[in-house]
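Kindly generate the complete structure, drawing on both the sequences and the hints.
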Amino acid sequence: MKCEHIEQLIPLYVGGDLEPPEADDLRHHLTGCALCRRLNEEFQASHTWLSTFAVPEFDEASFATLRASVLSQIERQEKRGSWIHWLLPKWNPRLVLAVSTAALVAVTALSVAVYRKQIAPPKKTVGNLVAETGIPVSTGDGQSVTLAENRLSSNGNSTATGGKRRFPGSKTPEPALPEEALNNGGLSFPLEPPVTGPEQAESETTTAVEPEDKEPKEMLRIELQTADPNIRIIWLTPKSAPTESNTK
Amino acid sequence: MEWNNAALMADQLRFDDRTVTPATEPRSFNSPIVALVMRARTGDLSAFDQLIIAHQQRVIGIAWRMLGNQDDAQDAAQETFLRVYKHLNGFDTKQDFSGWLYRITVNVCHDLARKRGRGNPVSLDAEREAGNFAEPVSPHNTESSAMHAQERAIIARALATLSEKERAAIVLRDLEGLTTEEVAGILGSTPTTVRSQVSSARAKIKTFRDRWLKRSVQNRER
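Here the protein sequences come in this chain order: Y and P. Under my numbering, the residues of the first sequence are numbered 1 to 248, in order. Under my numbering, the residues of the second sequence are numbered 1 to 222, in order.
If you're looking for bench data, these hints aren't it; they were derived computationally from the structure. Given the structure is predicted, the values throughout are model-derived calculations rather than measurements. There is no bait here: all hints are sound.
Below 25 Å or equal to it, Euclidean Cα-Cα: the simulated DSS-like pairs (lysine-lysine) are:
1. P/Lys-165 x P/Lys-204
2. P/Lys-204 x Y/Lys-2
3. P/Lys-115 x P/Lys-165
4. P/Lys-214 x P/Lys-204
5. P/Lys-115 x P/Lys-86
6. P/Lys-86 x Y/Lys-79
So, in structure tokens, the structure goes:
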């Protein structure tokens, strides 16, 4: 055995933690090595010194205080526990946890459902309006088609009707264009480009199409309020007899 | 090793206070301690009082050696017995009650030491000024008693330099006189680990003592 190894074993040797063969080897080494023998003596002295660390005498009064304190706390806890048992006789922490989690999930799901309904109101766009009413729109190249007809031709199952249809997803009836507006002059808007983003969708938003009573009877005034409060589209058209294409 | 399972259970209790294993009927009632445990489980506080009486000296001794002062030791002992009562249903009566109890005691001492910020050892002078290690000196307690108190304070200081695990290992092994296997069972580790911790602790204590002796000699020469 080398001294380095012995130095590591001595702390265990002094406490009797070595296996007998190892302890024998160590003792044999100590007989021939003064340095290791000295180290062993120092460890032995330190070990003896540590063992003098006796616990001071605790008097009976301190033990009695300890017991009284423990028992009174237990009694207090049991009283509190019995009150909870009276309130919840089948108290089971796991059951309570499961029920709480289920309730939390249900409330979250309900909140999400309500929130989704609130954030998705039907938007009344010019395109929608035209599509719903079936009034012809100008495509910009001189042709005039109705959006409803477009839909019919593309899907084959559109139900282009008059002004009493509902907006999709809406429970309130769509505001119908006044009869005057439908009958006189008609609406002819440039065909809206396809909506590609929320900004465009918002800019399309209009409020209503209102005839104004104060206008001269021979003119029809239609105002469209866009999402931008500074932009309002005012349409003036003479009240003429409705053409065939307008009333379809 | 009888304490292994009890120690593991105590460890489980440490991390999940709600753990309650179904109370199993003990195979034998040979031990009067087991009989007391069974009675205490039914809410018999006088039986639990007897359990405390049977173990209070040992529990408070371990706590005192782990924490270094009487007030903390008493607080730790109180908390230990409260935890024992709380988890009494989780104790397997086939296991050794003392091992389980000491495991809880060590855990309580660790918790208390962390709570009170005892990680870093305080200077001996500060401790002496605070009276943490001073003993009341009666007229009969003469110089030897004072010296003994000082010696005790220095050993407490030496123990304070150890890590939590080393301190627990050396207190249980060298001061409480438990075997390495028993200590391993209480601390929830292996005998090899305990041996290593004890060896390291003994070396540190020796180094501390050597330094202290050297300083004492220097002080005397001045």
